[in-house]
Every structure is written in C-alpha cells, then in structure tokens.
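Trainee: Protein chains in written order, with the numbering used here: chain A, 1 to 324; chain B, 325 to 808; chain C, 809 to 1256.
Keep in mind the hints are simulated off the structure, nothing from the lab.
Accuracy of the hints is not assured; some may be wrong.
[Stated by the list, open to error] Cut-off 25 Å, straight-line C-alpha distance, at most; resulting in silico cross-link-like pairs (SDA-like, lysine to any residue): (1) C/Lys971 - A/Leu88; (2) C/Lys1069 - A/Ala315; (3) C/Lys1069 - A/Arg309; (4) C/Lys975 - A/Gly77; (5) C/Lys975 - C/Glu951; (6) C/Lys971 - A/Ala315; (7) C/Lys971 - A/Tyr85; (8) C/Lys1069 - A/Gly308; (9) C/Lys971 - A/Gly77; (10) C/Lys975 - A/Leu88; (11) C/Lys975 - A/Arg309.
Note that this is a predicted model, so its numbers are computed, not measured.
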Amino acid sequence: MTAALTTSTGEPLDVESLPAVPGLGGLYARGAAAAGRIAAGRALPAIPGLGSSAPTDDAPLALPRTAYRVAGVQTAGLRTHLRDYQRLLHEPGADALPSGYLHVLAFPLATAVMVRGDFPLPLLGMVHLANDASLLRPVTVGEPLEVRAWSENLRAHRRGVTVDLVAEVHTDGELAWHGVSTYLAKGFEAPSTAEAPADPAPRGDWVPPLPTGRWALPGGTGRAYAAISGDRNPIHLSSLSAKAFGFPRAIAHGMYTAARALAEVGPQRGSAYRWTVDFSRPVLLPSTVDVAITADDHGFAYVGWNSGRQSRHFAGTVAPLHSR
Amino acid sequence: MTDAYTRAVNTGLTKALATRLGLPRPALLRRFEAGAPLTVGPVLLLADAASAASADALEGVLAGWGVEVARSGGGAPAGGVEDSGSGRGLDASTPAEGLDPAQTTPVRWGAILLVLTESGRPSDVSDAVLAAGPALKRLAPHGRVVTVSRAHAPGDAPALAAVRQGVDGFLRSVAKELRAGATGNGIVLADGAAVDNPSAQAALRFFLSARSAYVDGQLLTVSTGAAADAPGPEYWARPLEGRVAVVTGAARGIGAAIARTLARDGATVVCVDVPAAGEGLARTANAVRGTALQVDVTAPDAGARILEHARGRHGRLDIVVHNAGITRDKLLANMDAARWDSVVAVNVEAQLRINEALLAAAAAGDVDGLRIVSLASTSGIAGNRGQTNYAFTKAGVMGHTAATAALLAPHGGTANAVAPGFIETEMTQHIPFATRQVARRLSSLLQGGEPVDVAEAIAFLASPLAAGISGQTLRVCGQNMVGR
Amino acid sequence: MSRSPQPDAPRTSPPGPRDAVVVGGNRIPFARAGRKYADASNQELLTAAIEGLVARFGLQGERLGEVAGGAVLKHSRDFNLVRECVLGSSLSPQTPAYDVQQACATGLEAAIAVTNKIRLGQIDSGIAGGTDTISDAPIAVSEGLRHVLLEATHAKTLQGRLKALAKLRPADLKPLTPVTDEPRTGLSMGEHQAITTARWGITRQAQDDVALASHRHLARAWDEGFFDDLVTPFHGLTRDDNLRPDTSSEKLAALAPVFGKALAGTAEPTMTAGNSTPLTDGASAVLLASREWAQEHDLPVLARFVDAETAAVDFVHGHEGLLMAPVHAVPRLLARNGLTVDDIDFFEIHEAFASTVLTTLAAWEDDEYCRTELGLDGAFGKVDRARINVNGSSLAAGHPFAATGGRILATAAKLVAQRAASTGEPVRALISVCAAGGLGATALIESA
C-alpha cells in the first residue's frame, strides 16, 4: 500500500514500505561501510569494484527519490523506555510523547534513508546543523503510529553540502509530528551553483545574556542519551572514540541539549508546539552549560553556551501551536 | 557522687581489707528520703536538773513528731533511770525491753538530746553530760547528738557565762568523737527564746534529721522569730509550699542542687545564671519546673530584673539564695587585678547590690518575710593559701549577712550564710588528686560533702519557721578541721 | 424549602478573630556548619531550642495548643520531626505538633499558621519553630542506585533481585550531598541572586556595607545583652560563631567573589563569602498565644502578630529574581493594613545575601518596576536605612534555613516591645523572609 508523497518542494517520492523500524545498530554498521565506500569512491574513482554503487565526482550529487514508511508501529511496549527518556531529559512523567521522543522514534527510519546505497553522503562524519520539529497534535503512548522518512533539499554550504532528513509521525491517518533534521556533509559540492550562504556572525562577538539555568553535564551524558536514543555515534560515547573523529573529548548529542531546553520550557509550551534548534559549537563533555530560556511574543527562545565563556553551543525556539 | 575511697571502704572485699588494715572508714551518710523516719532510732532525752521543764517541753515536741523518746535524769547516769511519766518514755539502761520485748539486741539511740538551757554554773551539768557518755556507745550509725543551751550575753554572771560558753567547746569535742556518720550539733537559744519556739523546733528537727547529714560540730543561735504558727505535718512535708525562691548560679553544681531541694520542699524556683551558662540553667529550670532567668548578677540592674521576674511571673518573692560565685586562685604575690576584681565583683559586690534592691523592695512592702541565704565558705573562716581574693569575699559575705540581718528584721526577713567545706562538685574535681584526698579526710566525717548537703541547710534557713535564725553563718563542712 | 433560624437557637461557631501575641522566643546560638554542632541532629537542635523556651517561660508539663515547625534539609526518618521534639521536651506529651516546610520561610510560615489558629480561637497557645543542620544533613543515594534498590526490593524472586542489582554501575554508588540548587534551573541560590544583583546593578561596595553593618549591629546587640532572654547556649556555644565583631570594610573588600563568576563578560561578580550567608546549624522557637492565655499564665507580651502575606514569583525563566517574592508580598500586606513604609519602625529583611536586601530596596524605589510588576501607581517607597536590621541579621548571625524565621520574629518582637516601653508610642515591625523556589513570607507585628 503506497500513498502519494512529495517533498516540501512538491517533488514526488516513491514510497517503500518496511515491515518495522530498523534497528540502529545494524544501520550504523551499514552506514560505516557505506561511508567507507563513499570516501573510497571519491578518493579512488579509478579502481573498479569500489564505489560501484556510490556516485562519483563526475556525476552531480542526487538524493534518492524514495521515502520509507512503516505502518502500525506499536508504542504500547514503550512505557518503560519513555519513562527512562523522561527522567534523562527532565520531562514530566506524562503519557504524552514529547517532541524529542518522537524524534528518537523516527530517527532510525531517517537513518535507514541515509544508509541506502543511493544516498550520496556518508552517515558518519555528517554534522547535525539544525532541527525543526512540530508536534501538531498530542501523541500518547499506546497509540499505533505510522512513521515516514525521506531526504530532500540538498544545497550548498560554505563547508560542503547540507541535506534535510524529513520524518513524519501519523496517528489515525493524520499528520501528528513533522521533523526536519539538517545535516552538513563537509567537503562535498552541491549540485546547484547557488552561492553558499555566508557564515553567521563571527565567533567572539556574541555576548551571552543572563542565564536562567545551568546544566552540569557529566562525562557520561553522551552514553546515557545514546542508550535511550539508540544513536551510538562514537563521537558521543568516549574520549577515545571521539578523538578518532577529530574531537578532543566526547560531545553531547545536539538533540539531548535541545530536548533538555524543550523540557525546561515547561508546561507553557502547550500540547502542540514547534521546536527549533540551531547548533553552533559542540558541547565537549563533561561540561557546564548555561542556558537562558526566555519568553517572547511567540513563545520561548532559548540559548545555551559554555558557562563563563562567550561560546554559544545552541539556540532555538519553542512556540505553542494551536492543536489540530 | 560519694568519692571512690568512701565507696570502696564501705563495700565488699575492699571494705574487709580496709577494716583489717585499720584504714579510716568514712561512713556512707544517711541523706533525706521522702517518707523515711526522722531519726534512725528513739531519742534519749537528757537534761540537768534545772532544765527538766525545758526537756519536758521538748519531749512534747518530739512526741508530736511521732518520735519515740527515752528520759534519763541527771542523777543516775548508768543505773536507776527516772521514768519520764509520759508513758512513752523508755528506761535508758534497758531500752531493748521497753522498745520491743521480742528484740534481744539492745536498742541503738537515734539521737541523744542534751538539754542544758537552765544550768547556772559549770558544775551543774555533770550528771547529764556523764549520762550521755555511756549512751554514746549505743548511738546508732547516723545517730545525732544535739545540745540545747542558751547564749551568754553581756551582763551574765561569770559562772553563767562559763557554763553557757562551755557547751560550745563540749559539743565541738563530742562531735569529733562520733563515728559511723553520726553528728553533733547545738542549738543556742538567744534573747530568752522558749526552748520549743517554732524556730528552735525547726532547728531541732533539722539537726535530728538526715537533712543535716554533713553539718557537724556546729552551734546555731536561735531567737524567737516572727513566725509563730504551730506547724502541722503538711508543713514538715513541704515547708516551702507556695514560696517563690530565686537561686543564682543555678546552672550546675551546688546551685542546681539548691534549686532541686527548694523545689522538693515546695518552692517555685527562679533559676538564675549568666547567659553563657544558659544550657545548664534551662536543664535545671525544667527539672524543677521553675523558670530560667539568664542574667549576670554583676549587672547593675540584676536585682531589679530578679524582682521583676519573680513578682511578674510568679507573683511574689520569698527566698533569694546568693549562690553564684567564682574562684580565681593565685598567691597574693602573683595576684592580678582581673583575678582580684572579678572575684570581688561576683562573690560579694553583686550580693550587696542585689540586697540593696531587695531591701528597697522590702521597705516598699513589695516583699515580705524575705529569706536571704548567701554562700560563704570555710575558706573565709580559716583562710586558704592562694585564695586571698576568695577568702576576702567569703568572709565579706559573712560580714554583710550579719549587717543585712539587722536591716531586714523590721520587715520580718532574715539573712543567713552557709559556709560549705569540701563539697564534691565539678569545681572541686579540678583540685589536684592528693590535695583533694587530704581535703576530704580533714573532717570529722572523713569525706567531702554533697551539693545536696549545702542545699538542705539553705532550704532549712530559707523556711518560714527559721524566722528566728538570722545573721548566722552555718557551716556545712563535716566538721572540717580548719577554722573554728 | 428553607427554614429561618430561630432567634433563640444556639449558634455553632468558633469565637471571632482575636489577637495573637508574641510572648517570647528562644534560639540556640547559630554555629557555622561542621563546627560546634557537628554531631548534633535536627531533632537535638530543635529540642534544645524548645527546652530553653520552656525553661524561660515555665512551660514544663504544659499542654500547648500546638507546636509547628520544620527543617529544610530533613532525613526521611524525621517524618514527624517536630512531634518527636515535643516528646523529647518538658512540654506535656499531650501537645500536638506538625511539620511545616517552606524552604527558608519555614519558621515564619509556621508562626503564621500558629497565630492564625490562635486568632480564630482554635488554640490558645503554640510554639513556632525551625531547625536546620548542614553538618548532619541527609545524604541521598544516586538516582541509579535508588532505582536499582527499589526494583530489587519490589522483586518477588531472588532472580529478580539479582537481575535488578546487576544493573548497578560504579557511578551509582557515589552519594549525593544536599545541594541548594534550584531543581528547575540547576542554578544555586547564590547564582540566582548574582543574576538578580547584576540586573539591578547592585555594587560590591554597597553589599559589603550591608555585611559590615550586620556584624556591627549584631555584635553590639550581643554586648548590650539584647539576646540574654532570646538565646540559650548549646553544646558550649554561647554566641553565634559566624559573628565577626572585628571585621572591616578592608577585610570584606579583600574577599574574592564566589557567586556570579560565570557571568564575567556580562556582569562583574560582586558576591563574596563576606556578603553572603554561610551554611549554618541552629534552631529557634517562638512562644505565641492569645492575650488571655498570656495573662492567665502571668507571661509578658512582647508584640501583637498583626497580619502576614506570602508571595511567589515566576523565576524559572528569569522573569523575576529567585529571592524577590517578599518585594511583591510587602506592598500587599501594608496596603491591606492601610500602612505605608513610613509607618514601619523596624524592617527585618532576612539577609540571605547582602544584595537581597539591596535589590529589595532598589525594587521598591523603582517607579517603572513597581508599576509593571507590582501593579502600583509608582514606586512603593524609600525605606529609611537606619530602620533596617538594627540588631544585625543573617549575614552576621548565620542562616540555618528553617530557624531564621523564629530568630527574626523574636528579635523584632523584642525590638518593638523595647521601643514601645521607652516611647509609649505604638511601634510596628515588618518581617520579610525570602525563600528558595521563588517564595517569600512576610509579617507585620505591632507593639502590644
């Protein structure tokens, strides 16, 4: 059973139904292998047999025109997992699934898109730049879900290309949650000739506001969120594994910090809300992060920075939506 | 808090050992317990011929207290004993038969009361005194010897003065011959007071009782006091009922014991001490169900605050016990101003200033029948090396007590002092071991006293019936060898 | 169908509102954490405070209406802390008791509860108290260990228990010491106040001046014997051992900032150990009664407990400072009683930090703030600095959280009584205590 699906710009997508949301462990193994092929294919295009399924430098980058879909995802068994998530992220122990939790549920399917043979960018090494998720109607634990994921909007960036991974959660045939994760693949060239947008304000000019909160993030923060989210990207797990990817220490998952900020907005976010985040500099663990969560006309704005320094880690918004 | 030596020579194996070795064996003193008999046995009443009527009066008093009395005339010390005729009398020479026919052991006297009030010259007392001699051998442990005599006064005939003063030396010597916790004390009637006047009765009862356990070898002058009502048994059970007492230095030691004893005798006690001693003070106040007043007695307004608290909270003030005192020992050659002045300020100047306020209140009619009892010390009587400052103030206390007594008399009040000897307290715990041992044994009772012993004397002097006792210093020292 | 009440039918209603009065207070000297009271528990501290009060007023065996109080840092075993203290005291064991907890406002909130019952005629007398010890604070196990232990306890089989215990990780064994961090923000109280201080632009010098005055005033009060009938020594401590009578502007100026250091670049850190209260152990108790009860018991009356107001502020997202709730409560309290700041003779503003006092005063003097945040027509008013904390406050005395309310209430009541006795005029004091969680309790007392 396939339904007509389009990207946000209206381009049609082929829908491929999967029996279940894939496990992330296997996806990472495939992702790592694919990344190796992609890297090898770019570096050694002349060697036959390598990079056979990957695009080469010669062809412009193109995203797969396929969307994955899993129907009938059961959440009744997730109560304990939800509870663990709520404790870790300081969410209240309610039955409603926070937007960050829906991201965790949909993330493996989006990852599955990124490890497809025809996905042109390497999973490992991509940088999560931003996230924009809207919870349009409350989703309660126990409700069966339909999850969809695809990629779109490949575009130029100062340091490579960015791609949006879009995920959706439907309940009762209606869209309940829509999330867009923007990743950067360094060193790749965008298919279009459009100019890459200029870098935002140079570092050091930014002056932090007065904080409204302070997070003491212990060294195990990455491992704890990895255990809950399944995102066991080695850069989050230990200093050693992070060093292999060029980080001095393990870094916190960006989505962990964004989800904490979301939780700390509190009940005023309502039961339907849009939640955005832009990641600037990674949070090296352990770390003390100061945050300022302030109300404005549209909802809440938040920003997090390295306590005592003028180094911003992330900024975002949480705005209530009228529940559908 | 009996000292370890006294405990050891009175218990078990060490007792046997001490007896063998002939070590001095201080007795475990008999102290007051509610409901216990007044004396440990019957009272042998002895009198010279001239004092027979006085003896009769006292026999009536004793009988009224339910004490068994035996009479022996002055003429037959060892043999033919006169029957007192009261029907309650006992033959002094064969008391066992009289007391309990089934009892085969001879009676042990609870007390020997020697009445010499009307003796005219020294040769008059021979029979009575010589009758007391053999009876001493049958004085029960914790027994009492009490003399009742009269004070000599200016204008007395020389022979009269001789016999009256002679009793003083006699009593002090008898006391030193007593063993096993027995004590000897004398009542000296002044100003022609009747032998059975209420204050004399109170004094007699105190000396006979366990309350005077550590008072030994002392003579107390008794006049006719303002209080006149013949007291009933309920008075003797709680002589301070309805009275409000202030005790300074009540946080611990002797002061705490005074508070407990006054409360036991029925008084509501205001416990006073310096603010820094408040923790112990609260403990004392709560234990006696009184109130705690944190005030430094050297504060200029201490007297006013004490009066205000006692009258404001409890409606009256009847008793003030000046117990607060400090020691700052140093040889005079090394004495500094701080040591001298602080001792003077606390031990005597504070009492004087508070007494001024009390006298003013008495004059204004705010207090009536006030009893002031101040703590002196045997150091103030005999002197003590290294305590020039302390002895100065404690002798001063005895001096101002006599003077204050005269000022209080018009208002029905009395002022007396109590001079403790070696008392087992936290303070004396700090005396070096050897000195402490010597100090303990240097008394007829061969031991230090307990804080409660001092407290009992104070409670007695503070009682309503002690109205005829004023300006006196009563030693509570187990007849310490030092001093008078 | 209704029936009109018969005119002669007895009406069932409690007596109408009447006066509640402060008879007196007692506390133990406050001790810096880990020193004189290092081996004393909350129960021992509060019992000592109550025992001193009982001794002062001769309450042995007395059945009081109730004893209310509490502790901020409390062992789970102390679920009935105040009742246990009553049972360990010389009061009648028939005296009821209950625990109150409102962070640093616990002591004053307890007094509000007791006086309200007195005013309603439900009780005639009561004690409000509080205690806290940092030295004997409860140590919690980590969340991980706690969950494992709970799971193991609830498991029905040995296998289940072992399975639960197998989840234990070495990091779980690290004990958690109590923190004064706000649960919702992760910022300590000091950091919160550093933000408020920065927002109001309070200078280091102004804060040090408040601290210096606190020490000088408290030392003078001690020397004058002001606390002779307000404090009972405990464990050999006879005065508050945080008090530094010899401190000076120079000494205070030499101290390094401890709070707000992370604000560097945004605001200069100004809060030091000298102008912030130290962690302290202590306890206090206040005897409250109806006027009639005090008279019947021949007890003095220091002051009348007129009225109280509590407030809370939205601090979580920085809309208001954590410790600014009393700023909101006091104008409401005074307005209800038809008073202005000029009608108050003594201001007792709890010195959680020197800057708490200063931000409070600054806010009340700010037209814009008072209009928008307090809903007033303009600035609430300027408080005469000579009327504030005249006998010192928490900076000098220390601040055992739940004990502070009782300390301040007894001090204020005695100040009022003394002033009234010397002038013969009515005298009023205002008490303001800020608390964690954006809470604040305030009270108005008047010469009796």
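Trainee: If a hint holds in the structure, say so; if it doesn't, say that too.
Mentor: Comparing the hints with the structure gives:
1. Among the hinted pairs, C/Lys971 with A/Leu88 is consistent with the structure: their alpha-carbon atoms are about 22 Å apart, no more than 25 Å.
2. A hinted pair counts as satisfied when its Cα atoms are at most 25 Å apart, and C/Lys1069 with A/Ala315 qualifies at roughly 22 Å.
3. Only pairs whose Cα atoms come within 25 Å are accepted, and C/Lys1069 paired with A/Arg309 is accepted, the gap being roughly 11 Å.
4. Simply put, C/Lys975 and A/Gly77 have alpha-carbon atoms about 20 Å apart, close enough for the 25 Å limit, and the pair holds.
5. The hinted pair formed by C/Lys975 and C/Glu951 meets the criterion: a straight-line CA distance of about 12 Å does not exceed 25 Å.
6. Of the pairs offered as hints, the one joining C/Lys971 and A/Ala315 is violated, with about 41 Å between alpha carbons and a cut-off of 25 Å exceeded.
7. Between C/Lys971 and A/Tyr85, the direct Cα distance comes to roughly 21 Å. Compliance with the 25 Å bound is thereby established for this hinted pair.
8. A hinted pair counts as satisfied when its Cα atoms are at most 25 Å apart, and C/Lys1069 with A/Gly308 qualifies at roughly 7 Å.
9. Among the hinted pairs, C/Lys971 with A/Gly77 is consistent with the structure: their alpha-carbon atoms are about 20 Å apart, no more than 25 Å.
10. Proximity of C/Lys975 to A/Leu88 is assessed by CA-CA distance (about 16 Å); at most 25 Å being required, the pair is judged to hold.
11. Straight-line distance between C-alpha atoms of C/Lys975 and A/Arg309 comes to about 37 Å, which puts the hinted pair past the 25 Å bound.
The earlier numbered hints that this structure contradicts are 6 and 11.
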